[in-house]
Every structure is written in structure tokens, then in C-alpha cells.
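This is what each chain is made of:
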Amino acid sequence: MEEFVQHLINGISLGSIYGLVALGYTMVYGILKLINFAHGDVYMMSTFFGFYFARWLGFAYTPSVIGALIVLFLAMAACALLGFTIERFAYRPLRKMPRLNLLITAIGVSLLLENGGQILFGAEPKFFPELIARTELFRFGNISISNFQVIIIVVSLSFMALLQYIIFHTKQGKAMQAVSFHHEHASLMGINTDRIISFTFVLGSALAAAAGILVGLAYPRIDPLMGVLFGLKAFVAAVLGGIGSIPGAIVGALIMGLSEEMVVGYFSSTYRDALAFFLLIVILLVKPTGLFGKSTSEKV
Amino acid sequence: MTKQILTFLIISSLLFFGNFIVPAMMNPYLFMILIYCGINIIMGVSLNIINGITGQFSIGHAGFMAVGGYVSAAISFYFLMPLLSLFPSDNTISLLCQNTLFVFSILLGGVGAALFGYLVGLPSLHLRGDYLGIVTLGFGEIIRVIILNLDFIGGARGFTGIPAWSNFFWVYFFAVAVVMISFRLLRSSHGRALLSIREDEIAAESIGIPITRYKVKAFVLSSFFAGIAGGLFAHFIGYLNPSSFTFIKSFEAIIIVVLGGMGSISGAIVAAVITTILPEALRPLQEITKTDFRMVIYPLLLLTLMLTRPQGLFGHKELSDIISPFLKRKKSL
Chain U
1 MEEFVQHLIN
11 GISLGSIYGL
21 VALGYTMVYG
31 ILKLINFAHG
41 DVYMMSTFFG
51 FYFARWLGFA
61 YTPSVIGALI
71 VLFLAMAACA
81 LLGFTIERFA
91 YRPLRKMPRL
101 NLLITAIGVS
111 LLLENGGQIL
121 FGAEPKFFPE
131 LIARTELFRF
141 GNISISNFQV
151 IIIVVSLSFM
161 ALLQYIIFHT
171 KQGKAMQAVS
181 FHHEHASLMG
191 INTDRIISFT
201 FVLGSALAAA
211 AGILVGLAYP
221 RIDPLMGVLF
231 GLKAFVAAVL
241 GGIGSIPGAI
251 VGALIMGLSE
261 EMVVGYFSST
271 YRDALAFFLL
281 IVILLVKPTG
291 LFGKSTSEKV
Chain R
301 MTKQILTFLI
311 ISSLLFFGNF
321 IVPAMMNPYL
331 FMILIYCGIN
341 IIMGVSLNII
351 NGITGQFSIG
361 HAGFMAVGGY
371 VSAAISFYFL
381 MPLLSLFPSD
391 NTISLLCQNT
401 LFVFSILLGG
411 VGAALFGYLV
421 GLPSLHLRGD
431 YLGIVTLGFG
441 EIIRVIILNL
451 DFIGGARGFT
461 GIPAWSNFFW
471 VYFFAVAVVM
481 ISFRLLRSSH
491 GRALLSIRED
501 EIAAESIGIP
511 ITRYKVKAFV
521 LSSFFAGIAG
531 GLFAHFIGYL
541 NPSSFTFIKS
551 FEAIIIVVLG
561 GMGSISGAIV
571 AAVITTILPE
581 ALRPLQEITK
591 TDFRMVIYPL
601 LLLTLMLTRP
611 QGLFGHKELS
621 DIISPFLKRK
631 KSL
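So the sequence lines, in the order shown, correspond to chains U and R. Residue numbers 1 to 300, in this note's numbering, belong to the letters of the first sequence in order. Residue numbers 301 to 633, in this note's numbering, belong to the letters of the second sequence in order.
Here chain R stands alone, though its shape is the one from the complex:
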């Protein structure tokens, strides 16, 4: 445990210094892709908890991202910005306050999403698998329609004027935190219970695992992380629109999990990076052919993956499982 905390502190301090160096090193376009990578890592890893590790099928992850994004944006816009304007600007204390309040707002966004996760998960998770899928899909749509009809957060016009407080440090700080918590979860007794539910629900229940309670727990945690991703996203671009949280967004998260391999956390990270960079890398193709073939390449990729390598890039394995045999061989030599 202490080792993990130490690692986390070291990585955070590295990120803190990176925050001064990285944005200066690249142009704004590349920097944006880098930030999206971080946000998609959080989305992929969080969806992996429910889809990969627990084996339930949720297809409304964008809904939770939307809740988190809108809740934290509304808190920042209506409460924290007026609060912050009380402090004198242009000094370190106000910067410190701003960042503390930012974390507070992001976490509240996560809590909001987790609350919705509980409300959605409780009725649907005690049913058989497919229903969760369709309920979460429906939930994503309901959330979008509700947001469209709420005027104080912009409705269909979109929510403008969200303070752009996200930066390299916070996005990757939360990404690392989410990844490490997922790993800790996977290696804990909770994680083993979730894995047993994925492998065989009936067998898991018969050895005394309260499956519904565990599923709801996993679902709530997963929505919490999605809410955090939403908050970071909102505070990065400073503008939210309900149309950015359609099915397509949820499907992107699913593609990350499937491509990486169901249940593999490092797989989800690698896949998140690939799926963020690939559409950007294919941009020249669009200019040559004058039509946006990326939209077709995406589903074709998914289909070929399912037909040729259904377990995804990593399968159930982690990066460490793949590398460690090589390391061991070197030691024995």
C-alpha cells in the first residue's frame, strides 16, 4: 500500500513539472489530442470496470460523462467563480484557491454521476445482462433530453463560459488516480468477487457473493469516474453541448474497452490512446478522397476485430503479464 502511495506521489510530482514543460513543447492541436487521450483513458478504464471486469454490458457511458460534466460546470460557473472573484487576483494564493475549488467541483461532478449510476443501476442490475444495456442506452438519451430542456445550463444552445481550469497536470493526475484505483480494485477481494460474477453469476452467487450489491458498487464507481472525465472535459474546452454526449460517445468508450481486451486495464489505456490518435492520423486520407471515410473505418475495425481477434488486443492479460516472462528469462540467464 505504502509503495503504491509513493509511486503515485512520484508520478504526480513528475506531472506537476510536466505541466510547465509539456504545453510549451507542442502546438495547441497536439496538446488538445494529448488532453483528449487522458480523458479517453479515464473513460475507457472506468467503463472497463463494469463492462470488462464485472462482465455487465453498459452502453450509456456518455450519459454519466454528461452528468459529471454539467454538474461540475454548473457548480464552477454559479458558485465557484463568484467565490473566487472575492479573492485578489494575480497571486499564488488565488491560483491555489482556484485549483482547490477545481478539484472540489470535479469530485462533485463525479458524485453527481455516481448518484445517477446508483439510480439507474439498482433497478436494472438485478435483471439479466441485456436489460442493463438497453436501460443505460435509454438513460443516456433521457439525460440528453432533460439537459436540452434545462435553461439555466444552456439547453440546446450549449453551456458557455465554463472556466477553463483543466490543464495537463489535472487531467493526467486524475487519469493516473483512476488507473491505480482500478488496479487496486482488481487485485482486492472486491475485484475477485467482480471477476467471479463475470465468469459465472450462478456459481458466484452459490458461494455467497451478493451479486447485485457488487454489480451496483462496480456500476457506481464506474459512473463516478465517467463523471470525473466529464468534468475535466467541460473545464478544458469551456463549452458543453448536449449533442457531444450522444450514442456515438458511448460507443467510442465501448470500442476502447473491446479493442483493449475485456477486463484488461492496460489494454484500455493503450486502446484509448490508439482510438484518440487514429482518427486524427487518418485526417490526410479525408483530404485526398474528399469524403470522410473515418466513419466507416471505425465500425469496420470493430467488426474485423470481433471476427478475427474477439478477445481484443490484450485479452484478459495486463501489460505486466505480457512483459514479465521476458524479464524473468533475462534474470535466469
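So here's chain U without its partners, still in its complex pose:
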């Protein structure tokens, strides 16, 4: 039982990191109908941005909460810029092209970031600096909760709440909903669709950056290919919850994190990477629209 509770806590904290990345996938899919393969690599870039910012600013050697927050916001800003650049120079010129071309471009950007990262940062793994000292907060018998797990859950929840506010209570957010509903109709209503799409990429990339820094804190081993599988799993989480749906992405990510933790805890860790795709195939067989997705009928 104690073991189960421990896995539950680990699963939730892993799931909330997946959630931050899955939100980016689901927002971009909702607005452009594009599987943004480069999103996982934006997340990877953020850990490296964090790594270098922490070094240059000297936070790597003296753990402090302020330093961690500064690194977090700097990495988020850098990734927002990266996301904006990717959208502006790779995806926007192809807006009128078939979606297949957009998908291939996304794969190209993703490969460019992965391979460019291997050249820039070196292919061997690096170790993310300890920005906050790891301490144990609670211990009940064999169950232990570290401050990292609490930080991860609190930070992700607050960003999710912020996103919820932006999307449903601000003018920008309402414009995002309108654009994802119908591009042309939205632009007829005086919405600058290109700007809203850029805004979506900026938001999604900033969230992925937050996830990257949290992962860097909790699991310090970072390398240029870490975003590939993580990104795919986050995408599967988004599909699980119903792609295009914001609460769906969060619930899907929690299910994903928990089931992965359980598989590692009770079966074998070699199957953890296959689990995500097994889940995906089951969903597609049983409920292709995902848990929260709406099925849309195609009009001719």
C-alpha cells in the first residue's frame, strides 16, 4: 500500500510535467490542425537554455529560490522567442499549402533542433545544476515527498490556471478560440489570425520551457535527444484527453504519468516507452476522439 501511494505521488508529479508539454501540442493542434513535432525539442532547448543561464549568471553554484525563478523566466522567454521564430519562418510561409507539407516541415524543424543541439551542446549528457537543494518535506513510514515533487505540482498547476485564465477570460484568449473554430470567419470578425497563431506558439513554447526547467531540476541528466520520446508521450497524452481540448490534455497527461509510473513500479522499466503507444492504439480503437474530444462531422 505504501509503495502504491509513493508511485501515485511520483506519477502525479511526472504527469503534471507531461501536462505542461501536452498543452502546447493541444493548443497548436486546435488552432492549426498540425502535430507540431518540434514542440518536444523546444522543451529540450529550454533545459539547455536553463543550463547555460544558470552558469552565466552564477546561480549554478549557490542554490536559491530567487535564482531558480530567474532561470525559469529567462528560459521561458528564450523558448517563447524560439517558438515565435519557428512559426514565423518555417510554418507561416506554408499556411496555404496542404497540411502534409506543414507536417514534414515540422519534422524538419525537429530534426534541425535535435541535430543542431548535438553539434552545439555536444551529444554526451550534461548535468543540470542544482538550483534548489533537494530536501525531504514529509515522510510517513516509507512514503517520502521531496520538495521537488511539491514544486513541480505547484508550478505546473499555477501555469495551468494562468493558461485557463488567458484562454477563457482575456480578449487574446477569446480570439484564440475563434481562430481555432474557423480561420476565415475569425479573420472576417477583424481578428488578426497570424498574430493569434504566433501568440499560441509563444504560449505553448513558454509552457514547454517551464516543463523543461522542472524536469532539469528533478531529473538532472539532460541531452539533445531527450525531447523526442518525451514530446511524443506528451502528444499521446493530448490525444488521450482529446486533442484540441485543454482540460483533456491535463487529464490525459495525469493518466499517462500515473500509468507509466505504475508500469515501471510493478512490471518492467523496459516497457515504459512502449506503454504510451500501446495506450494510444487502445484509445484509437475504443474512443478515437479521446476522453474530452468532440467528434466533428466533415462537411462537403
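By construction, these hints were calculated from the structure, which means they are not laboratory data. Treat the hints with care, since some could be wrong.
Listed next, the in silico BS3-like pairs over lysine-lysine satisfying Cα-Cα at most 27 Å (straight line) [to be verified]:
#1 U/33 with U/174
#2 R/303 with R/617
#3 U/171 with U/33
#4 R/517 with R/549
#5 U/287 with R/517
#6 U/33 with R/549
#7 U/126 with U/287
#8 R/617 with U/96
#9 R/617 with R/549
According to the in silico footprint, chain R covers these stretches of chain U (three or more CB under 8 Å from chain R) [stated by the list, open to error]:
#10 144 to 155
#11 231 to 237
#12 250 to 257
#13 282 to 291
Beta carbons: idealized from backbone N, C-alpha and C, even for Gly.
Could you slot chain R onto chain U? The hints should help.
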């Protein structure tokens, strides 16, 4: 039809003689590139059936190649090699037997891949396009994890001791067969049905084309060919490792299709040759700069291609469509 069979026989006999001449003409390194060209042609042309002609997006082609490679390697290693050792060695009959068994093993590898293609395609092909992409990508990963955990085919250590039965003749024999079957398919009523699905699914369905059934058929055929490529690859290097069948391998196949032009078979052939030779030709650059810039050049090439010439080198056209106007002009003169 008879004309095609005749052409095929002529090409095969030419390849048969080439088998004695070509390996002697070049050094082992060039010969290896030549064989990889042939295998990549099969990969490109087979992926073109599903990605180019049918317009569905599969990004797990390496998974099917892995299935084909491992199935045919396991059959050769566990059944055919003991069977072959019953025959006396060093004579023409045993050579003949070896080659017959080799074809048998390659085809079984293809059938294994086709079976998986059916299993993967059936649930995902009746959904909208993007799902197929992500399911095939996932399938490629699942296959890799399963292979890693199967000990009788080597697991993570890799599968060693596969008989090196592939040669110039068989690789190009299968390449020519795959190319000709693709052309026949494209010009048949089946091919037209697939093209109509690519152009507009709803319109195709409304004129009575069972789109899911056609998509699954195309997918199964495409995986069958990928399995053949895998078998040839396994029997050429004599060693298989799950890490040779990652996303990167699938992306290479996609790059071939995109570079050649979606749906163009001759485009896929040309692109397969280019993408096999280009990384090797860029090797000197790596020695000068001391860093492997090829990895960056590849995706940059893909991006520039998408931004400047999204239809690929050939577009929807075939080589014959491009050459024939020139030929006609000459005739009229």
C-alpha cells in the same frame, strides 16, 4: 502485360550477368553504397505507395523494415541454415538451393511485415489522416521495444550470424520488381482509386470507392515491400540491431518520398540514390571541419525544399512525362 514480363526478364538476366561483373569492378565501400542504394530504392518506392499515391501519412516505415528483417533473418538462421547443411556443399545444386531458400525467407519476411501492416492499418486508417502518422510512429517504437526484449533474436545485443546471402543480383532484382509492380499498380484501376483518395476522400467515397479498404490494401502492400527491404538488408550485413530501426530510419524514407515528389515513382528512385550518395559524398567536409555537419545539412535540405519547392523534384510527374515531350518533338522534326 506480356511486354512488361519480357522487360522484367531481360532486366533480370542483365542483373544476373551484372552480378559477376559489378562486385569485381568496384571496391567494397562503393559496392556497399550501391547495395544501400538498391535497398533505399525499395524503401522509398514502397513508402511512396502509401504516402505519395494514397496521400496517407505513415512515419513508422522503419518498423516494418525491422519486422521483415528480423522475421527473415530468424527463418534463415533457425530453419534454413540447418536445412541447407544437410546438402553437400561446394556444388551448384547447393548454391541453387541456397538462393531458392533465400527468396523464400525474404518473401516470408515481407509477409510478416504485411501482417503487421494489416494489424496497424486497420484501426488507424479509418480515422482522419494525422492519427495514422502518430500510430505508425508509435508502432515503430513498440516493435523496437519488443525486439529489445526478445532474447532468441539477440535482444539489445543484436542478432549475429545471419547468413550473408544478399548480393547485387537479388537486391536489384527485388528493387526492379517493386518498381515495376508500383508502376503497374499506379496505372491500374486500383491505382486510380488510390489517387482519387489522395485528391479528395469525400468525393472518392461518394462515387463508391470503399476508401478504408483501399487504404488498408495500399498500406499492406507498402509494408510488404518494406519487409522485403529489411530482409535484404539483414542478409547483406549479416547483423541486425534494434537501434538501426529508429525514427531516423523512418524519416530517411520520408525524405526520399518528399524529395522525389509525392506520388512520383521515378522521383522516389532518383531521390533514394541522391540521399544515399549525398551523406557519403559529404564525408570529406566532416574531416575538414571536425564536426558532423551532415546531420544539420539533412534537415536544412528538407526545410529549404519545403519552403522553395514543396512538390519535390518531380512533383506528381514521372520521368517519362518529363522526357516524352522532347522525344515527340524530335519525331515531328
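These are the hints, each one checked on the structure:
| no. | hint | in the structure |
| --- | --- | --- |
| 1 | U/33 with U/174 | 18 Å, holds |
| 2 | R/303 with R/617 | 23 Å, holds |
| 3 | U/171 with U/33 | 22 Å, holds |
| 4 | R/517 with R/549 | 23 Å, holds |
| 5 | U/287 with R/517 | 24 Å, holds |
| 6 | U/33 with R/549 | 26 Å, holds |
| 7 | U/126 with U/287 | 40 Å, violated |
| 8 | R/617 with U/96 | 22 Å, holds |
| 9 | R/617 with R/549 | 26 Å, holds |
| 10 | 144 to 155 | violated (count 0) |
| 11 | 231 to 237 | holds (count 3) |
| 12 | 250 to 257 | violated (count 0) |
| 13 | 282 to 291 | holds (count 3) |
Of the hints listed earlier, those the structure fails to meet are numbers 7, 10, 12, in rising order.
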